[in-house]
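Asks: As a plain string of letters, each chain reads:
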Amino acid sequence: MATAPPSDPPSAPAWDDALVALYREQYVPLARLAFLLTDDAGRAEEVVQDAFVRAQRAWAGVREPLPYLRAAVVNGCRSLDRRDRVARAHPPAPPDPATQEPDEMWDAIARLPERQRAVVVLRYWADLPHAEIAALLGCPAATVRTALHRALARLREEIEP
Amino acid sequence: MTTATDHEDAIRAALARRAATLDPPVPPLTALPAEPRLPMALPRRRVWLAAAAALVLVAGAVAVLAARDDAGRGPDTRTGPATTLPEPPADAVWPLADDVPPASLAGPVRAARAYLAAMRVGPQPVPVRLTDPPSHGRATVAYGTRPGGTVSLRRVDRVWFVTASASPAITVSPAMSSDPLHVEVGIRLRPGVWAGGVVTVVDDAGTIVDLVTVTPPPSGGVSTAILVAPSITPGRPGEPPVRDPLQQRSSVLPCICMLHPPEGTTARAVVVNVLALGGGGSVAAVPVRPR
Chain V
287 MATAPPSDPP SAPAWDDALV ALYREQYVPL ARLAFLLTDD AGRAEEVVQD
337 AFVRAQRAWA GVREPLPYLR AAVVNGCRSL DRRDRVARAH PPAPPDPATQ
387 EPDEMWDAIA RLPERQRAVV VLRYWADLPH AEIAALLGCP AATVRTALHR
437 ALARLREEIE P
Chain D
1404 MTTATDHEDA IRAALARRAA TLDPPVPPLT ALPAEPRLPM ALPRRRVWLA
1454 AAAALVLVAG AVAVLAARDD AGRGPDTRTG PATTLPEPPA DAVWPLADDV
1504 PPASLAGPVR AARAYLAAMR VGPQPVPVRL TDPPSHGRAT VAYGTRPGGT
1554 VSLRRVDRVW FVTASASPAI TVSPAMSSDP LHVEVGIRLR PGVWAGGVVT
1604 VVDDAGTIVD LVTVTPPPSG GVSTAILVAP SITPGRPGEP PVRDPLQQRS
1654 SVLPCICMLH PPEGTTARAV VVNVLALGGG GSVAAVPVRP R
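Just so you know, the protein sequences line up as chains V and D, in that order.
Position 93 of the first sequence, counted from 1, bears residue number 379 in this note's numbering, the numbering being contiguous throughout.
Position 25 of the second sequence, counted from 1, bears residue number 1428 in this note's numbering, the numbering being contiguous throughout.
Chain D extracted, bound-state conformation:
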């Protein structure tokens, strides 16, 4: 049993140790933002004025939309939610199959939620928020907190497709394909954050055609990843790839994953699903590019 003073000293020491881990250089004054980045408390009068202005804008927008709708509605004009998915854009990584209800893709936040649920990023529901208002048919949604991540989306008609997702604790190099049977991607999991993950390559239909698992080193030390069981020989058409005996490889460099889509498939995207230590998870996805 420690005394009260010992206890307080231990707290002081812990705080001092922790504080000492942050030793930032003092940025030049010119690097400071002109305006504070945090939301500031507006004077009450300004809040009322802003609210009134917003109401006027919303009312005006509704009136304009209603007028345009009445004037322009033809027999082929769709006004409700899309009932079928349009063709995914070339840079889409999800959804690639049409098994996702279009209504769940009707907005960027809704689509990001559906994507995170499909990727089993948990625990659900994952908190999500738009980082900025959608612009030119593109939007970015942030999810989770630590480590969390972002989902980039692109709108086609009234459906939002995911074009990439990222997490600050996962580094994914561009996925390159030198030929249809080989996809190469570098993965780096920040140590001490992740329990492990699965790297998959999906084809044009969103089907997983090959995967490898990645785990951080048991020590949780330096930035090392261990690649387990890469498949070496592609399977015949309609058959799963033939896997070599388990292999392990470790490196202080980003782990290079070699993925082998079977013949007859087209690698479309690489998806990295990771499980965080202590629960939660994250997902990173990049389209596959020809080398």
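Next comes chain V alone, as it looks inside the complex:
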């Protein structure tokens, strides 16, 4: 059942075919999800790679691979965010050189508090229902709805002062 892809060296741990397929199919979407949550391309890719490594190690017990990976990515990003929160509070983030043209709405989203930003990204980019977002973030669905409501109000205030 578990076989290594041809490109792996013999000593590499075995990757299940389904996980390999998921990796090829979902790497970029998950990297983009992490990118929207962290605003850091390098870290986003690291988080996704680590999520797949964890999935591989826990593969026998993973029943729903994509939600598992998505949760690992969201949690990985939130761990990064917690570590960086103090530091990020000091210097205001300079414009990202990757974005030469200003994007007012994105800039406003990037300034949202961690939870509100995560809710906005998961709702409007990943198209997840409230219940699934709540499960990912480990909070009640009502909290998700409140966070989303506040985020929308804040974004509207910033965009249409």
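If you are wondering where the hints come from, they were derived from the structure by calculation, not from laboratory data.
Source: prediction; values computed, not measured.
It is possible that some hints are incorrect.
Which stretches of chain V does chain D cover? Using the computed rule of at least three CB atoms under 8 Å from a CB of chain D, they are [said to hold, decoys possible]:
1. 323 to 333
2. 390 to 399
3. 406 to 412
Idealized CB from N, CA, C, for every residue including glycine.
Based on these hints, arrange chain D on the given structure of chain V.
Replies: Only chain D this time, still in chain V's reference frame:
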């Protein structure tokens, strides 16, 4: 006034635009790390075991140090913080003068903080952290976040000297000196990040002996730097360099700064101080090497 749907559509569109800017190639599975790089939550039992083991190690180390101290303390053995700075190592870029309290250089993190304060990297206090435990008398301290940077340090006796500093948004080529009056260094500021900066060359005593200012192009577009007012003629001993009228030069290549230390001085290091758009700043420093 937009409707709720319009507002949500605008959010979706912004997220989609932003996400589309990231289009990484899928790395081969062999490129993945064997272990996750992020800190993992340890089971509680393992945490307690690790804590107990750490306590035993610390207690043992303290006992060993105390025994060694008692046995080996002679009349010349210094046990407190250094009171004077030792001679800076050849690759040190800071401090070069002895006007820095040795106590502020007693550890790599403390020394990095003192360096960033001296370089006026702000806003203070800049968050700093060791990237790895010091090893073989060398350490690297990361500071700030975006763009942030790193400070490389080296220990001499019990004092930590900065040997280089870097920032991912500043590219500094090796500073080369073909003769005592010329130092050449390539600087590239990542556009859209920096408001501008100052490139200085300091001598053996840490004194600034020449400087040029660099500013990114007004458009913030391609990687272009404008070099303003390089000094051309070195001053006489004891006098500042004679500067030519303002010159401007732009290039899509890294900006080559020509610095001219006055006669009688020895160029020791090139320091690039930059101010980030929106506040904050960064510093890069490299030693000057003979060509």
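Asks: None of the hints should be skipped; say for each whether it holds.
Replies: Status of each hint after checking the structure:
Proximity of the region 323 to 333 of chain V to chain D, defined as three or more residues with a beta carbon under 8 Å from a beta carbon of that chain, is established by the 6 residues found. Interface restraint, the region 390 to 399 of chain V with chain D: holds (3 residues with C-beta to C-beta distance below 8 Å; minimum three). Coverage of a stretch by a chain is defined here by at least three residues with a beta carbon nearer than 8 Å to that chain's beta carbons; for the region 406 to 412 of chain V and chain D the count is 4, and the condition holds.
Of the hints listed earlier, there is not a single one the structure fails to meet.
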